[in-house]
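Enquirer: Please work from the sequences and hints to get the whole structure.
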Amino acid sequence: MPQQSHASVHSHGQTHYIRIWAILCALLAVSVAGPMVGIRFVTLATAFGVAIVKAFIVCSQFMHLNIEKKFVVYILGAMLAFMIVFFSGVAPDVLEHEGQQWQKTYVEPAAGASTEH
Amino acid sequence: MIDEGLIKKYLWSTDHKIIAMQYLFTGMLMALIGGFTVYVFRMQLAFPGQPVPLFGRVSAATYNSLVTMHGTIMIFWVAMPVLLAAFGNFLIPLMLGCDDMVFPKVNRLSYQVFLLSAIVLVASFFVPHGAFGGAWTAYPPLSARSTYNLTPYGSTLWVIAVALEFAAFLLGGVNFVTTAMNSRAPGMTMFDVPLVVWMIVIASVLFMASVGPLLAGAVMLLLDQTLGTGFYDPATGGDPVLWQHLFWFFGHPEVYVVLLPAMGIVAEVIAVFSRKKIFGYKTIVYTAVATGVISFFVWAHHQFIAGIDPRMASLFTVTTLIISVPIAEMVFLYIATLYGGSITLTTPMLWALSFIAEFMIGGVTGIFLGAAGSDIYLHDTYFVLAHFHYTFFPIAIIGTFTGVTFWFPKMFGRMMSERLGKIHFWGTIIAFNFIFIPLFITGAAGDQRRVYNHLGFPDLATPWRQDLRIVATMALVTMLAFQPIFIFNFIRSMFKGALAGANPWRANTLEWLAPSPPPHGNFAELPVVYRGPYEYSAEDREEDFWPQHIPGGMPTPAETAVHGQWQA
Amino acid sequence: MDVPTGRLAVWWVLASEIVIFGGLLSSYVMMRLRHGAWAEQAAHTNTWVGAFNTLVLLTSSLSAVLAHHAAERGDGPRAATLLRYTILGGGIFVLVKSFEWTHEIEQGFTITSSLFWSFYYTAAGLHAAHVIAGMVIMFIVARTAARNEALHRVENIGIYWHFVDVVWIFLFPLLYIAK
Numbered sequence: 001m002p003q004q005s006h007a008s009v010h011s012h013g014q015t016h017y018i019r020i021w022a023i024l025c026a027l028l029a030v031s032v033a034g035p036m037v038g039i040r041f042v043t044l045a046t047a048f049g050v051a052i053v054k055a056f057i058v059c060s061q062f063m064h065l066n067i068e069k070k071f072v073v074y075i076l077g078a079m080l081a082f083m084i085v086f087f088s089g090v091a092p093d094v095l096e097h098e099g100q101q102w103q104k105t106y107v108e109p110a111a112g113a114s115t116e117h
Numbered sequence: 001m002i003d004e005g006l007i008k009k010y011l012w013s014t015d016h017k018i019i020a021m022q023y024l025f026t027g028m029l030m031a032l033i034g035g036f037t038v039y040v041f042r043m044q045l046a047f048p049g050q051p052v053p054l055f056g057r058v059s060a061a062t063y064n065s066l067v068t069m070h071g072t073i074m075i076f077w078v079a080m081p082v083l084l085a086a087f088g089n090f091l092i093p094l095m096l097g098c099d100d101m102v103f104p105k106v107n108r109l110s111y112q113v114f115l116l117s118a119i120v121l122v123a124s125f126f127v128p129h130g131a132f133g134g135a136w137t138a139y140p141p142l143s144a145r146s147t148y149n150l151t152p153y154g155s156t157l158w159v160i161a162v163a164l165e166f167a168a169f170l171l172g173g174v175n176f177v178t179t180a181m182n183s184r185a186p187g188m189t190m191f192d193v194p195l196v197v198w199m200i201v202i203a204s205v206l207f208m209a210s211v212g213p214l215l216a217g218a219v220m221l222l223l224d225q226t227l228g229t230g231f232y233d234p235a236t237g238g239d240p241v242l243w244q245h246l247f248w249f250f251g252h253p254e255v256y257v258v259l260l261p262a263m264g265i266v267a268e269v270i271a272v273f274s275r276k277k278i279f280g281y282k283t284i285v286y287t288a289v290a291t292g293v294i295s296f297f298v299w300a301h302h303q304f305i306a307g308i309d310p311r312m313a314s315l316f317t318v319t320t321l322i323i324s325v326p327i328a329e330m331v332f333l334y335i336a337t338l339y340g341g342s343i344t345l346t347t348p349m350l351w352a353l354s355f356i357a358e359f360m361i362g363g364v365t366g367i368f369l370g371a372a373g374s375d376i377y378l379h380d381t382y383f384v385l386a387h388f389h390y391t392f393f394p395i396a397i398i399g400t401f402t403g404v405t406f407w408f409p410k411m412f413g414r415m416m417s418e419r420l421g422k423i424h425f426w427g428t429i430i431a432f433n434f435i436f437i438p439l440f441i442t443g444a445a446g447d448q449r450r451v452y453n454h455l456g457f458p459d460l461a462t463p464w465r466q467d468l469r470i471v472a473t474m475a476l477v478t479m480l481a482f483q484p485i486f487i488f489n490f491i492r493s494m495f496k497g498a499l500a501g502a503n504p505w506r507a508n509t510l511e512w513l514a515p516s517p518p519p520h521g522n523f524a525e526l527p528v529v530y531r532g533p534y535e536y537s538a539e540d541r542e543e544d545f546w547p548q549h550i551p552g553g554m555p556t557p558a559e560t561a562v563h564g565q566w567q568a
Numbered sequence: 001m002d003v004p005t006g007r008l009a010v011w012w013v014l015a016s017e018i019v020i021f022g023g024l025l026s027s028y029v030m031m032r033l034r035h036g037a038w039a040e041q042a043a044h045t046n047t048w049v050g051a052f053n054t055l056v057l058l059t060s061s062l063s064a065v066l067a068h069h070a071a072e073r074g075d076g077p078r079a080a081t082l083l084r085y086t087i088l089g090g091g092i093f094v095l096v097k098s099f100e101w102t103h104e105i106e107q108g109f110t111i112t113s114s115l116f117w118s119f120y121y122t123a124a125g126l127h128a129a130h131v132i133a134g135m136v137i138m139f140i141v142a143r144t145a146a147r148n149e150a151l152h153r154v155e156n157i158g159i160y161w162h163f164v165d166v167v168w169i170f171l172f173p174l175l176y177i178a179k
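Residue numbers (my numbering), protein chains in the order written: chain A, 1 to 117; chain B, 1 to 568; chain C, 1 to 179.
It should be emphasised that the hints constitute simulated quantities derived from the structure, not laboratory data.
Note that the structure is a prediction, hence the values are computed from the model and not measured.
We put the CB at the ideal spot given by N, CA and C, even for glycine.
Errors might be hidden in some of the hints.
To be verified - Negatives, chain C to chain B, calculated, CB over 10 Å:
| no. | residue |
| --- | --- |
| 1 | A15 |
| 2 | I92 |
| 3 | I132 |
Stated by the list, open to error - Per the computed footprint, the stretches of chain A lying under chain B, defined by three or more beta-carbons under 8 Å from a beta-carbon of chain B, are:
| no. | region |
| --- | --- |
| 4 | 21-27 |
| 5 | 77-83 |
Expert: Printed below as a string of structure tokens:
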């Protein structure tokens with residue numbers, strides 16, 4: 001893994017990034033520990049909560065979006081927004097199990113069954 | 001040595017103008033194939049069961065392949081490469097006053113990937129069982145199971161070709177957008193950029209933002225086809241409607257991806273040939289952006305009767321009717337531009353005017369389809385088909401002819417024949433209307449799409465309906481018969497046309513400063529910009545045009561910021 | 001108003017990648033929500049292997065940003081070394097994944113054995129393809145950077161690499177934790 005830098009004036013910048021990395025590792029540990037509590041809500045909250053925080057940290061500190069021109073953040077944000085639009089428009093369709101005029105006849109296959117035709 | 005030179009100059013070039021020509025010629029060649037497919041299947045519809053001259057008998061399976069390939073080719077291998085890639089590549093650096101795209105090698109790569117996609121697609125005609133027959137919309141399970149679509153190799157090649165084409169346009173799009181953002185001539189603010197460049201850039205962003213889910217979906221479809229996964233198969237827990245959503249989430253913005261460049265081309269032409277400033281330039285730009293955004297909220301109007309929740313259908317009806325407003329507004333602004341102008345009916349102008357007229361017909365007929373209630377009856381009938389041809393034909397065909405006849409002098413240094421141009425125009429336009437007006441009627445009267453012989457349905461086998469189908473086919477044959485005039489005009493003018501000079505149309509935008517054709521590097525001296533692109537018939541000026549690069553006149557605040565205070 | 005052209009291009013590439021992965025992962029999430037019974041299949045993904053790979057990618061992101069830091073100071077050779085560490089991280093990631101997949105396939109969990117596994121292999125596979133592509137580009141950038149040329153590319157490939165890391169940051173809970 002990365003060597004220690006020689007000049008002290010340069011290690012200042014590097015220390016910052018190593019610190020961020022340590023935080024990310026700690027968050028990773030939290031997300032792995034979450035399921036061990038056994039409560040489903042905790043598992044999901046730690047898993048996705050940590051993911052969002054980690055992603056935010058990587059984006060702002062490693063990709064330097066914190067000092068990038070604002071319109072870049074808006075463009076990337078817009079793409080995410082479109083994904084939310086996609087999910088919102090499609091999920092109600094895909095998630096329905098039955099409706100007024102139809103019902104789902106699909107039965108979950110037994111464990112290990114193949115889908116090959 | 002000559003071979004080496006030719007290859008380097010024409011096949012391996014990174015010059016945006018050569019790449020533009022590569023896209024243009026590939027697109028026009030694919031249009032011949034797309035046109036041939038429609039000739040064959042319309043002959044089959046008009047004279048069912050009769051062997052089609054130059055082709056032979058058309059079976060049901062062959063018919064499916066033909067309509068599939070017609071739609072696929074015309075949208076992805078004609079409209080997109082010509083309107084977006086060819087005109088984008090040719091015009092953007094020239095109109096922005098720079099010497100090439102910011103990433104010339106990526107540009108070359110994008111064409112090479114595109115060419116590969118075209119080769120893969122054309123190859124699919126020659127594999128056992130022929131080209132894909134599952135419609136250009138490729139709904140599973142028809143598209144996923146070769147036992148249904150009867151084209152095992154064709155269907156896989158189709159998915160691969162489409163995915164490659166998407167990759168090519170993503171590469172090209174990045175080039176267009178970054179060049180437009182970072183590479184403008186000194187003094188050219190965002191609002192001094194010609195409309196066609198704005199439109200192509202907005203279209204590229206729209207494409208980039210919408211194609212992702214479909215690319216993912218195409219990978220899933222490919223796996224379903226080849227490995228037997230069940231992403232879209234209800235028997236494994238998959239969902240065929242998921243594909244529909246993935247497809248149309250892209251498919252609807254896609255129509256604006258091709259519409260906007262066409263509208264941009266028309267804008268340039270009507271300004272020049274009415275010698276008038278574009279009415280509401282900024283409004284047009286904002287409207288185009290707004291349309292692009294709204295286009296992400298309308299996709300399920302293609303799925304009104306696919307079994308989606310009716311409440312969703314209501315929502316999408318509202319958004320679809322809303323999106324007709326900004327486009328209508330843009331058309332009104334174009335008409336306002338023409339109003340009071342000093343109009344010259346050159347060939348490009350005739351095409352531009354016909355775009356406006358024909359597209360309006362397409363637009364208003366779309367209202368009936370955007371409303372879920374009426375769409376229940378009209379979905380999958382020829383009414384839909386006539387509607388989208390009244391939009392797509394203006395976009396892909398009229399838009400192309402407008403742009404080609406307008407910029408031909410710049411591209412090749414010579415003028416096309418006005419006489420042949422006008423004959424070609426009238427023959428094409430009149431015939432076009434005689435193709436699709438009958439189809440509105442037969443569609444409303446019940447003709448279903450993607451049926452190879454309507455006489456199999458007693459209700460549809462009435463003589464007057466068949467007469468209309470025959471009229472449509474004869475009009476198509478007529479229209480196709482006029483196209484050699486264009487091809488002849490094009491090729492002959494390339495070598496024997498009257499010399500054009502730099503600015504035969506007396507236009508303002510920067511590409512007319514460069515020599516015709518522009519050399520490598522475009523400009524002897526890179527221009528500086530002093531005003532917007534549409535200063536035609538300016539007051540107190542003898543000339544009725546005022547090119548962007550000529551100093552003089554009252555500077556705008558932006559120009560002052562660039563040049564400092566100066567005397568008029 | 002200007003972002004340097006190379007970096008601007010990378011942002012646009014990422015924008016299109018967001019919707020590609022976004023489309024795929026949204027589809028997965030919808031289907032996963034619809035099929036509660038997939039939990040039975042998902043239980044067979046190895047959380048520790050996933051966590052290890054997450055650690056590997058996070059660390060490779062560290063070396064990538066340190067490479068950028070070095071490039072900013074004009075230290076091309078050091079940037080190249082750090083980029084090569086990043087490539088190594090990517091290599092370890094892909095290697096671990098190959099073993100992981102081999103093991104899962106041997107146990108009978110193939111791409112067709114359940115729609116869960118179809119998504120699993122497709123999503124992780126698409127991601128791995130991006131890792132490999134990133135490694136290739138990084139290799140080329142490192143070679144040039146070692147000669148102190150085109151140092152701006154170090155930041156640009158770094159941004160791409162961080163994005164690949166972020167995608168995995170979401171894939172990890174989706175495929176390994178939220179069972």
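Enquirer: Does each hint fit the structure? Answer for all of them.
Expert: We went through each hint and held it up to the structure:
Once the 10 Å rule is applied to beta carbons, A15(C) is inconsistent with being away from chain B; the minimum gap is 6 Å. A cut-off of 10 Å between C-beta atoms confirms that I92(C) is not in contact with chain B; the least separation is 26 Å. With 10 Å as the threshold on Cβ separation, the claim that I132(C) sits away from chain B holds: the shortest Cβ distance comes to roughly 16 Å. Evaluation of the coverage hint for the region 21-27 of chain A: breached, as 0 residues show C-beta separations to chain B shorter than 8 Å, against a requirement of three.
Counting residues of the region 77-83 of chain A whose beta carbon lies closer than 8 Å to any beta carbon of chain B gives 3, which reaches the threshold of three, so the coverage claim holds.
Going down the numbered hints, you'll see the structure goes against 1, 4, while the others check out.
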